[in-house]
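Trainee: Listed below, chain by chain, are the residues.
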Amino acid sequence: MMQTALYLTIAMVTLATVLNVYSLVKGPDSPDRVLALDTLYINAIALIILLGIALKTRMYLESALLIAVMGFVGTVAMAKYLKRGSVIE
Amino acid sequence: MLDRLRFPQPWLSLTLFVTWQFLSDGISGGSLVLGLILAWGIPQMTRSFWPDPPAFIKAWRAPAFVLRVLWDIVVASVEVAKLILSPGQPRPAFICYPLELEHPLAISILASTISLTPGTVSADVSDDNKLLLIHALDAENDQEVIDAIRNRYEKPLLEMFQ
Amino acid sequence: MTPFTEYAISALLIVGGVFTLIGAIGLARLPDFYTRLHGPTKATTVGVGAIVISSVLYFSTLGQDIGIEEILITAFLFMTAPVSANFLAKAAMHLQVKTAKNTRGQSWDQ
Numbered sequence: 001m002m003q004t005a006l007y008l009t010i011a012m013v014t015l016a017t018v019l020n021v022y023s024l025v026k027g028p029d030s031p032d033r034v035l036a037l038d039t040l041y042i043n044a045i046a047l048i049i050l051l052g053i054a055l056k057t058r059m060y061l062e063s064a065l066l067i068a069v070m071g072f073v074g075t076v077a078m079a080k081y082l083k084r085g086s087v088i089e
Numbered sequence: 090m091l092d093r094l095r096f097p098q099p100w101l102s103l104t105l106f107v108t109w110q111f112l113s114d115g116i117s118g119g120s121l122v123l124g125l126i127l128a129w130g131i132p133q134m135t136r137s138f139w140p141d142p143p144a145f146i147k148a149w150r151a152p153a154f155v156l157r158v159l160w161d162i163v164v165a166s167v168e169v170a171k172l173i174l175s176p177g178q179p180r181p182a183f184i185c186y187p188l189e190l191e192h193p194l195a196i197s198i199l200a201s202t203i204s205l206t207p208g209t210v211s212a213d214v215s216d217d218n219k220l221l222l223i224h225a226l227d228a229e230n231d232q233e234v235i236d237a238i239r240n241r242y243e244k245p246l247l248e249m250f251q
Numbered sequence: 252m253t254p255f256t257e258y259a260i261s262a263l264l265i266v267g268g269v270f271t272l273i274g275a276i277g278l279a280r281l282p283d284f285y286t287r288l289h290g291p292t293k294a295t296t297v298g299v300g301a302i303v304i305s306s307v308l309y310f311s312t313l314g315q316d317i318g319i320e321e322i323l324i325t326a327f328l329f330m331t332a333p334v335s336a337n338f339l340a341k342a343a344m345h346l347q348v349k350t351a352k353n354t355r356g357q358s359w360d361q
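Chains as they are written, first to last, in the working numbering: chain A, 1 to 89; chain B, 90 to 251; chain C, 252 to 361.
Since the hints were made in silico from the structure, they are not lab data.
Only a predicted model underlies this, so the values are computations on that prediction, with no experimental measurement involved.
All C-beta atoms, glycine included, are put in the ideal place defined by N, C-alpha and C.
Be careful, since some hints might not be right.
Partner residues are not named here, just some residues of chain B that face chain C (Cβ under 8 Å, in silico) [stated by the list, open to error]:
| id | residue |
| --- | --- |
| 1 | Phe111 |
| 2 | Val163 |
| 3 | Ala165 |
| 4 | Ser166 |
| 5 | Ala170 |
| 6 | Ile173 |
| 7 | Ser201 |
| 8 | Ser204 |
| 9 | Val210 |
| 10 | Leu226 |
Required output: the full structure, derived from the provided sequences and hints.
Mentor: Below, the structure is given as structure tokens:
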């Protein structure tokens, strides 16, 4: 039963990722695209954790943590660039 | 020189140290030393970004507040999910929220709480820290939103930060 | 693994997947930038939170050590979601992104 739930969840998160790519392409403004990228990396974290459960290993969690940290820095940097025109003043 | 060897924010240093022990692969001499260096260095580097510590915090009130916020996050997600899945268009609004809190740390905690809870995202704080701009996803009445935030989140924070 | 933990893990996984999907639908479907901001900050964060909790439960039933990385990921996501939402809202106000027609009130730009 857990296998079924796991595969169903992987399918849903993958669909969510595809939808995010659609919003990334659709835009229409640059903040929308940054927001889509932000959601995309959070979904990537979810997929990595699901992969870890499917393969019964905890090795991939480190990379999920790294994506969480780097993704946040990336979002903030892009938002700051949109607002100020430069990242480091 | 010796003046530099202090820990200006003991709680931040402790959090960094403990987090580093969790992140490293088992506690060893190296992780302890590197944890100490990080616990000393990061508060030094980020010192100019931190506001002055508030005069008085009633920290024992924090767990009840955190539990309430966590519960509200779950409720909020269900409500947002309903709005997203319902066919009609939402009624968004920008609302100016007059702040009673004064300390910058308290204001940022309130703003984060607002962003994570039912139907509202905090967008901006005015330069004099008196007004908070909130975007509500589906609001019939500005005053209702303001009252809900005041009673649920700002009052407990006011009691914590005096 | 007892049946109860298996049910709990499965339920958490499904809830997480549903919320993540709803967040993505909201991002694709809502009318303007500010309303789109609500989907990812709430639904997606809770969805990933539920998936992470199910992972903690699963690995603790396998008899491995308690998932501190998972808890760190969740705490980090919950701390950063409002901050990035706030930064993006500020950027959007600066760029004067179009709002939906029925929005009440005005955005600022300082």
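Trainee: Under the constraints set out in the numbered hints, which ones does this structure not fulfil?
Mentor: Result: no hint breaks.
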